[in-house]
Structures are given as C-alpha cells and as structure tokens.
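Engineer: Respectively, the protein sequence lines represent chains A and B. For the record, in the first sequence the residue sitting at position 38 is 38 according to the working numbering, with numbers rising by one throughout. For the record, in the second sequence the residue sitting at position 131 is 1131 according to the working numbering, with numbers rising by one throughout.
Source of the hints: derived by calculation from the structure; they are not laboratory data. The structure displayed is predicted, hence computed values, not measured ones. We treat Cβ as the ideally placed atom computed from N, Cα and C, and that holds for glycine. Don't take every hint at face value.
Taking CB as the label site, the calculated pair distances span [to be verified]:
(1) A:Glu136 with B:Gly1159: 29 to 37 Å
(2) A:Arg66 with B:Val1021: 26 to 34 Å
(3) B:Lys1143 with A:Ile157: 37 to 45 Å
(4) A:Gln99 with B:Glu1035: 24 to 32 Å
(5) A:Ala61 with B:His1156: 25 to 33 Å
(6) B:Glu1158 with A:His31: 26 to 34 Å
(7) B:His1017 with A:Ala71: 33 to 41 Å
(8) A:Tyr54 with B:Lys1049: 28 to 36 Å
(9) B:Lys1049 with A:Lys143: 34 to 42 Å
(10) A:Glu65 with B:Asn1100: 31 to 39 Å
(11) B:Lys1132 with A:Glu136: 47 to 55 Å
(12) B:Glu1158 with A:Asp113: 38 to 46 Å
There are 2 protein chains.
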Amino acid sequence: MTDHTHHEACTNCTHTHSLGVAQDIARKSGHRWSETRTQVYHTLLMVDKPVTAYELLDMVAEKYERDVKPASVYRSLDALIDLGIIAKIESANAFVACQNPECEHQHIFLVCDHCGQIDEISDHGINRQLLKQAAEQGFVARKQILELHGECKACHIEG
Amino acid sequence: MTDHTHHEACTNCTHTHSLGVAQDIARKSGHRWSETRTQVYHTLLMVDKPVTAYELLDMVAEKYERDVKPASVYRSLDALIDLGIIAKIESANAFVACQNPECEHQHIFLVCDHCGQIDEISDHGINRQLLKQAAEQGFVARKQILELHGECKACHIEG
DNA sequence: CTCCAAATGTTACTTTATAACACTTAATCT
DNA sequence: AGATTAAGTGTTATAAAGTAACATTTGGAG
Chain A
1 MTDHTHHEAC
11 TNCTHTHSLG
21 VAQDIARKSG
31 HRWSETRTQV
41 YHTLLMVDKP
51 VTAYELLDMV
61 AEKYERDVKP
71 ASVYRSLDAL
81 IDLGIIAKIE
91 SANAFVACQN
101 PECEHQHIFL
111 VCDHCGQIDE
121 ISDHGINRQL
131 LKQAAEQGFV
141 ARKQILELHG
151 ECKACHIEG
Chain B
1001 MTDHTHHEAC
1011 TNCTHTHSLG
1021 VAQDIARKSG
1031 HRWSETRTQV
1041 YHTLLMVDKP
1051 VTAYELLDMV
1061 AEKYERDVKP
1071 ASVYRSLDAL
1081 IDLGIIAKIE
1091 SANAFVACQN
1101 PECEHQHIFL
1111 VCDHCGQIDE
1121 ISDHGINRQL
1131 LKQAAEQGFV
1141 ARKQILELHG
1151 ECKACHIEG
C-alpha cells in the first residue's frame, strides 16, 4: 500500500485520488468543497454499492464519530450529484459513486436484486438512439434514468 | 356521448372499456377484482398523467365520498402494477395508467418537467438492445426502468 | 486578513410507504 | 342459491425518505 501524504488518510489509493479529482471538479464548477462532502463521498466510494441516505448517514456518523443530520447528508448528496460524481438509483432510493466521474453522465445501471451490487453499461449508442427517438416526438430530453433490474453474473451462476 | 349500461356510469367510453379489460386481465391472471381497484384505476385513467399515491387517495376520497386509507391505495396500486395496466414513474414517485395495457410491458416514458404530462416511446429495438448489452455482461434483466425527463413538444414551442 | 456567498447545524415537519391483525368479500364449488 | 375460503380490505400505528426555515459557521476569492 503506497504512502500518501497529500490528502487525509485512506488505505485505498483510488479513493484518495478520487477525492482529489472531486475537489477539482467542484472548484472548477464553482462549487465549494467541505468536510461533510468529503466524508459522504468517501463513504460512498468505500461501500461501492447503492446505499440509502439514511444508511449513509449511519456510516458517516460511525466512521467520523459525529452526529450528522439527514438534511446535511441530503445536501451533500445533492451537491455530489450536481458535480456528476455520484448518481441516484431512483428505483431503489439509493445513491452510488459513479465509476468514471470524469466522463459521460448518462448512466445505464444494472441493479442485481439478489446481492444489491451494481454495474454499468457503457453504450453511447443506446443513449443516442433514445435522444433521437424522443426528438422525433418533439421531446427535448435533458436527463435519462435507465435502470435494469435482474440478476448479476455471479448471482446467476450460483443459482 | 354513447349510453353504456354494462359497467358503472362513466362519461368516457374508453374508460368503461378499459375497466372491463382490466377486470378480464385480473381474472385471467388469478387476481380478484374489487371496488377499490376499480376506483383507483378509473381515477388514474381520468387524470391521464402521473399522480402520487396520496394525490390519488384524495381524488378517490372526494369522487367516491369515502375515507380511503394509504394502505388501501398502495395495495390497489401494487395489484394494478402486477396486472401491467399501470406503471410507477420511479423518478417522480408517481403512478400512471398504461397507454396500451394489452401489449408490451417495458415502457419508455417521456416526462415533461414543465407541464407534468407524460408520453411513451414505442421502440422494441431499444428494449432488445438493452437486454442484449446486459446479457453480454452476464446480467439477466427482468425489469427495465427507462424515464427521460425534459420538455414536451407543446411546452417547448410555447417557450 | 477581511468578507460574504455558500454551506452547515438544528429543529421541526412533510411526504412516501409498510406492518400487523381483525374483518369482509369475490369467486369457486357444490 | 348457500357454504367455503383465500384474497382483499379497514384500521391503527409506525417506518422510511426527504425538505423548510433560520441562525451560525466557513471556504476561498480579493
């Protein structure tokens, strides 16, 4: 495990990097960065699967030994969504860190109803086709929610 | 306005028809049909746009002069979803009657954030492509949530 | 170092949804 | 038509998800 001194202690290099990237994205887009946002985002990166706002609240409360309140968590979540570095899984009222924050913000989520894990499809073709179809009906699409529920590879094999 | 005696009074022929169809679908799939379900479904058909469970509750309460409770409404909604004749718009916590209950149950919804109206895209190609892409990652999809938010034709023109 | 819009802390509340259990009824079978 | 019974409803209470309002604090630009 490499030694990092440029950000707060984290046993995982990727996360430390992601936190730096997040901060940069925030600054560039005129948002501030803050302790709460760091903690919320870091926690989301660690769990690496969708969690509800209240689950997240409990995790942050325990990990950082603070009495964080729903409103604070929701505010951080809103900000992180604004930045495009996390996403809400609408069909689960849950939140998840994006796989590659630096590009493309129309997600296609694969939600395993068995283990709760999440995966993404990266197919711009589908996104494009959707926009096109919508446009043909005179609809200007601004945001796409696309979530497939089912069983992931691992769960399907195990039966 | 045509005279109908075969179902409870309704000023709209399509709805009377839909109620009959709904009842048939329910019976065929082993579900029962009931007064509450009739009222909930009928109300959804009338409003013809997404409404929340509690909005629906109020409408049913007023229209049928009864003191209907949340649990009852949610139970009816669950049943109607099971029958495939209504759908939940996950990103709005709202429910809407399906356009053609008798076929195809993977919807693509166009939700206008300006007027609240809803439209659907009928493109099996996209549905198929999604399943295919998911399958390539070993994911077996059972349910698809696909909602585009934006501005509908009418609202876009008006500016 | 100052400043102040942006963010947080806190309290209270609203909206959305479900659990549990007694009671009622739709539809099937005689 | 009347009995039967699983499916559905009524009711109470409560959980889960999300927001409003306002006083206080702070990140980061100048």
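Engineer: If a hint holds in the structure, say so; if it does not, say that too.
Structural biologist: Cross-check of the supplied hints:
In this structure the hint that glutamate 136 of chain A and glycine 1159 of chain B lie 29 to 37 Å apart at CB is violated, the actual value being about 21 Å. The hinted window of 26 to 34 Å between arginine 66 of chain A and valine 1021 of chain B is violated, with their beta carbons roughly 56 Å apart. Checked against the hint of 37 to 45 Å, the C-beta distance between lysine 1143 of chain B and isoleucine 157 of chain A comes to roughly 21 Å, which is inconsistent with it. As the Cβ distance of glutamine 99 of chain A to glutamate 1035 of chain B is approximately 49 Å, the hint placing it in 24 to 32 Å is violated.
At roughly 45 Å, the beta-carbon separation of alanine 61 of chain A and histidine 1156 of chain B lies outside the given 25 to 33 Å, and the hint is violated. At about 32 Å, the CB distance of glutamate 1158 of chain B to histidine 31 of chain A agrees with the hint of 26 to 34 Å. Taken as a hint, the range 33 to 41 Å is violated for the pair histidine 1017 of chain B and alanine 71 of chain A, whose Cβ atoms sit roughly 48 Å apart. For the pair tyrosine 54 of chain A and lysine 1049 of chain B, the supplied restraint of 28 to 36 Å holds, since their beta-carbon distance comes to about 31 Å.
Distance hint check: the CB atoms of lysine 1049 of chain B and lysine 143 of chain A are about 19 Å apart, inconsistent with the given range 34 to 42 Å. Between glutamate 65 of chain A and asparagine 1100 of chain B the beta carbons are some 55 Å apart, a value that contradicts the proposed interval 31 to 39 Å. Taken as a hint, the range 47 to 55 Å is violated for the pair lysine 1132 of chain B and glutamate 136 of chain A, whose Cβ atoms sit roughly 22 Å apart. For the pair glutamate 1158 of chain B and aspartate 113 of chain A, the beta carbons lie near 41 Å from each other, so the given range of 38 to 46 Å is met.
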